[in-house]
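Q: Sequence:
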Amino acid sequence: MLIGLCGGICSGKHSVLDYLVQRHNFQVLTVPRSTSTPSVAKSASEAHVLANSTHPGTTFFKIEDLLDYATKYWQENFVTPSIHNLDDLSVLNRRPFFILVHIDAPISLRWTRFKAICASSSLTPPTLEQFVLRNDTHLYSPDTNLSTVASLAQIKLLNSTTSLPKLWASLDALNLTDPSRIRPAWDHYFMTLASLAARRSNCMRRQVGCVLVRNKRILATGYNGTPRNIKNCADGGCPRCNSTSTTTSSTSGGADLSTCLCIHAEENALLEAGRERINTSSVLYCNTCPCLTCTIKIVQVGITEVVYSQSYYMDAEAAKIFLEAGVKLRQFSPPREGLVDLERQWEELVGSGRAPRKTGRLGGVESWTHGVFSVESEDENAEKVNGDVNGFHE
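Heads up: the sequence shown begins at 0 in numbering that gives the first Met the number 0, then just goes up one per residue.
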């Protein structure tokens, strides 16, 4: 696995890099910048402030050399912060084992972090206006296109966490190193196909997709919508789904289902497969938990396992029927991608009782149930250690 890190000034890139190195034994691969950077000056508004490098790594002359090395040792784990422009990303994207992670934070917080770093280097910090202008140059310069690079990241971390222990715990919960991020497991694969099938739905109420599988081979797919030769639901074909009545509104769930003309995704898949092709090794994947009507049909045709992604208001009733009939029902949650708020991730850990606890402190070292962290104080750690900078260019 090769993870690329990109992000704004003091967003926390090197804190995430440290996490991957210390927690998961990733090796750091770097490529020097091809453009010159300003030398340290009296004012940090025009200075190049170097981040403290605590991990030895392997440096390459160009990004192609880095990729060749990672390809040769593809079964090992690598991380690189050296994505300097869109061309670098295009090179790295050639390999299926590459994942791009973008880290960001509110600009006021990043400015505060940068001021703390400037203070530690005896430099005059920039004003907020100066910082914003440099940040805009960093992200939107046509020479780098870093804003475009950020938009292409599979995972986008909002890093407003206030301490390293919280950051590490949130990253643990996110599980960046999950192998299925590189090659989806079977559940992930079939659920993705079910979600794709759902996009063909013409129902006005919800898009549901289903994939029927036997021995990891697809028997049939289905999505919900009006029957053949009937006007599409989205075009007014189903009066019930298109009704604006309060008794049949979308907020009332499955009200008046007996008047609905739409065939459900599960029904379509079962009709397509036929009873003779379904046996005791068949599994039904659906992006939404089946309703009661579909549940009894699934039981009748002999499906032995149902995997769903999204909950439905009838989940408890459907689960009772499946349990009595001996059909295994389970919910699948794929690895989280897209925007992930790490502070909210921490709050979820606290709410579920899974958050690590501080077990002690001795001098400048704090012990937690998931690691040991060097700190000066919690407030300073939030600003100084959980921020990073390679000058205003990184």
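Since the hints were made in silico from the structure, they are not lab data.
Take the hints with a grain of salt, since some may be wrong.
Unchecked claim - Straight-line alpha carbon distances no greater than 25 Å define the calculated BS3-like cross-link-like pairs of lysine-lysine that follow: (1) 296 with 215; (2) 215 with 327; (3) 61 with 71; (4) 357 with 319; (5) 296 with 319.
What the hints assert, rightly or not - Across the chosen pairs, the derived CB separations fall in these ranges: (6) 183 with 151: 17 to 23 Å; (7) 343 with 366: 22 to 28 Å; (8) 296 with 233: 32 to 38 Å; (9) 233 with 330: 40 to 46 Å; (10) 323 with 184: 26 to 32 Å; (11) 60 with 336: 31 to 37 Å; (12) 68 with 316: 54 to 60 Å; (13) 301 with 356: 27 to 33 Å; (14) 227 with 368: 55 to 61 Å; (15) 330 with 276: 50 to 56 Å; (16) 278 with 183: 52 to 58 Å; (17) 94 with 215: 22 to 28 Å.
The beta-carbon is built from N, C-alpha and C at its ideal position, and this holds for glycine as well.
Q: Output the indices of the hints that this structure fails to meet, ascending.
A: Hints 4, 8, 9, 13, 15 and 16 not satisfied by this model.
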